[in-house]
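> Chain A is fixed; fit chain G onto it per the hints.
Below, each chain spelled out in residue letters.
There are 2 protein chains.
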Amino acid sequence: MNAEIITIGDEILIGQIVDTNSQWIGQELNKIGVSVYQISSIQDEKQHILNALKEAESRADIVIVTGGLGPTKDDITKKTIAEYFKDDKIVEYPEVIENIKYIFKKVNHPFNEIQKYQAQLPSKATLLMNRLGTAPGMWFYENNTVFVSLPGVPYEMKGLMKYEVLPKLQATFKLPFILHRTIMTVGTGETIIAERISDWEDNLPDFIKLAYLPSFGRVRLRLSAKGDDKELLAKEIEKQVSELYTLLPEIIVGDDNETSLEKEVGKLLKQHKKTVATAESLTGGKIASTFVSVPGASSYFAGGFVTYTAALKQQLLGVSEETIKQFTVVSKEVASAMATGCLEQLQTDYAIAVTGNAGPTTDHNDKSVGLVYIAIASKKGVAVHEFNFGKPREKVINRTVTKSLELLRAAILK
Amino acid sequence: MNAEIITIGDEILIGQIVDTNSQWIGQELNKIGVSVYQISSIQDEKQHILNALKEAESRADIVIVTGGLGPTKDDITKKTIAEYFKDDKIVEYPEVIENIKYIFKKVNHPFNEIQKYQAQLPSKATLLMNRLGTAPGMWFYENNTVFVSLPGVPYEMKGLMKYEVLPKLQATFKLPFILHRTIMTVGTGETIIAERISDWEDNLPDFIKLAYLPSFGRVRLRLSAKGDDKELLAKEIEKQVSELYTLLPEIIVGDDNETSLEKEVGKLLKQHKKTVATAESLTGGKIASTFVSVPGASSYFAGGFVTYTAALKQQLLGVSEETIKQFTVVSKEVASAMATGCLEQLQTDYAIAVTGNAGPTTDHNDKSVGLVYIAIASKKGVAVHEFNFGKPREKVINRTVTKSLELLRAAILK
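Each protein sequence line maps, in turn, to chains A and G.
Per UniProt numbering, residue 1 is the first one in the first sequence, and the count goes up by one each step.
Per UniProt numbering, residue 1 is the first one in the second sequence, and the count goes up by one each step.
So here's chain A without its partners, still in its complex pose (with noise of 0.2 Å):
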């Protein structure tokens, strides 16, 4: 089974943005067992949505369009379609009326006239109703082809992927089952995993792949299994998982498939019944965000402090202004200072705390940008670790914040 899928808009035609919506409609599709053929990104403009739509229907048996769905001017996309599905007609869907009148009452927000435009699709459209934005998706079936019509906005094109595409995909074609496991490592590069999996992978059986996702400093290994015999799948995934398992058993954090290092540190801590609090530098806080975005974090990350001048380490956390003036506020000393005011403070069973430069100028006279110290304190003590993330400075930020829970993450298994 193929899929197309065409993305509407000027924006990734011109470099403004990245398609990243096609990333994660192309990894969906697969986990159900369809792949993608070709991804075209195109113009908001007529004659180039008729010709792409007819290039992908000669292809693919699942064409799915995101973007071009907004309310503006610029936005041809509905229009075009309907001529496209043999000179269809564009109608009024009180539904959707109703459904944008209901979103904008939750937020207090006057409902406009412009907003009906919104309410106006092919007659041939089944609706694909939003419940996070305005603008609804859109599946037609005609000629043994499904088309799919979605809103580009991701969190909106995402909702409506998961709880309307994706079931109703799996309810019209016989699809064959594709097992997928996600296996987090953390510490280890891609290659050098590679050299000591290599035995293995070679010898893994002819319906499961192997794919390395590596993204700052975590490589995550996916299994994928396809085939008709579901139970079958499901055992020998599990008999390679637990091979990885052996083979790497240091590195590797989960294996669930919605994993992230945050939620397995999260679960960890839970296990443990500990606290985590944090005192950031040069983060700015990103560590203690990166807790809040699990839900139910408030069970183990407690909070902290965001001291981003050298005063505030003074103040809110108690380093001495010797120790700054001897070392510098990117110093093993600051770090260490830090911690153990932060647990003091806040009496949790660990602190993290973070300083270091992260660029793009060097502030602090003789060090480098990227130049990072990570602390972890706990009643038992206080370990500082040095490291040397480089540049640019959202990337030195990023990896400060994985090697952390990383960091954390190993004492508490310690």
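Rather than coming from a laboratory, the hints here were simulated on the basis of the structure.
What you are looking at is a predicted structure, and each value in this text was computed from that prediction instead of being measured.
Hints should not be assumed to be uniformly reliable.
Note: identical chains are not told apart, hence a pair may lie in one copy or across any two.
Derived PhoX-like pairs (lysine-lysine); straight-line CA-CA distance at most 25 Å [stated by the list, open to error]:
id: 1; residue 1: K395; residue 2: K263
id: 2; residue 1: K267; residue 2: K380
id: 3; residue 1: K116; residue 2: K230
id: 4; residue 1: K31; residue 2: K263
id: 5; residue 1: K106; residue 2: K332
id: 6; residue 1: K274; residue 2: K89
id: 7; residue 1: K230; residue 2: K273
id: 8; residue 1: K273; residue 2: K89
id: 9; residue 1: K46; residue 2: K235
id: 10; residue 1: K230; residue 2: K54
id: 11; residue 1: K332; residue 2: K168
This is chain G only, laid out in the frame that chain A set:
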């Protein structure tokens, strides 16, 4: 002048990687006055490549192909390109072997025979020597169309584009100028903006296009002007931007292509010589880390508190137990007390405090998910604003961050 970009390989189609190459190429081509008409990601498969080349040639003057040039056996791009150009032959280019030997010597890597394959290229190719890797780029000029084939490794592709492809394109074609200007607005939705500027939009000259780019409550308006007379374009864009300022005086925060709300608020704080601190509950430090994402933030952003639990709101910000008991933690009164406590402790000019329920479940009995209070305190007093940002969790958090910056901006300008 139109271009198309074709990326070859499975990694993008299965969603393993995001296609950042095309974004970068799109940006660079735009800068020299070339518009990208379509981007296509296709399989590493002969017939698919031949079809994609033919379709692209029918629409564009320039076709840029990336990927599919590695040394392993499954790369059929070169043979397919040779076939595409009237059955061209594959020949060996000795200068490519010399380049590979030079590169391998630099990294102390022995030259192996498999690498010779990299030197076998279509005879009609003009070589684009790759100093950063072993796969050379290729340039063809056939039937008034330029075809370029580049390796998919981002830094190799970028080097070849910058030093070979872009200069050659400028030498080959007479290119128009393209100017972009992005105007950032806050606090008003796309449809309301569209209504307010609809007359202006209808009267835009033909050579200027307008696009709406909404995300998390900020809408950017992008004007793109294209033509031969650079001065005329600049003058006209300037005129249209100043008209926009007249039409939307209170919601435009900046008109620099690189701008963001956090940069504009930072500029404003610097101009007014004011400082700010934060006290965050549901956002868990994300407002603080958004300030810190801007280089140089230390001149106006001091730091702050992450008080995720009720206990820390009392301990660190001095919110009284009675206030929490009487009004619950998600209340106007607690937001107000948090902001006041933060301001008093950190002695900044402004303090932002947020408390709310990001979901997914209602933790605080009678309060609905999405309810958020944002308080802005200054020496003049404290103002609290109530919002309902709906769901899901991620959206509630992001909308709270944006709205906080927006309210701070309004407070400074008042």
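> Flag every earlier hint the structure violates by its number, smallest first.
Violated hints (numbers, rising): 3, 6, 7, 8, 9, 10, 11; every other hint is consistent with the structure.
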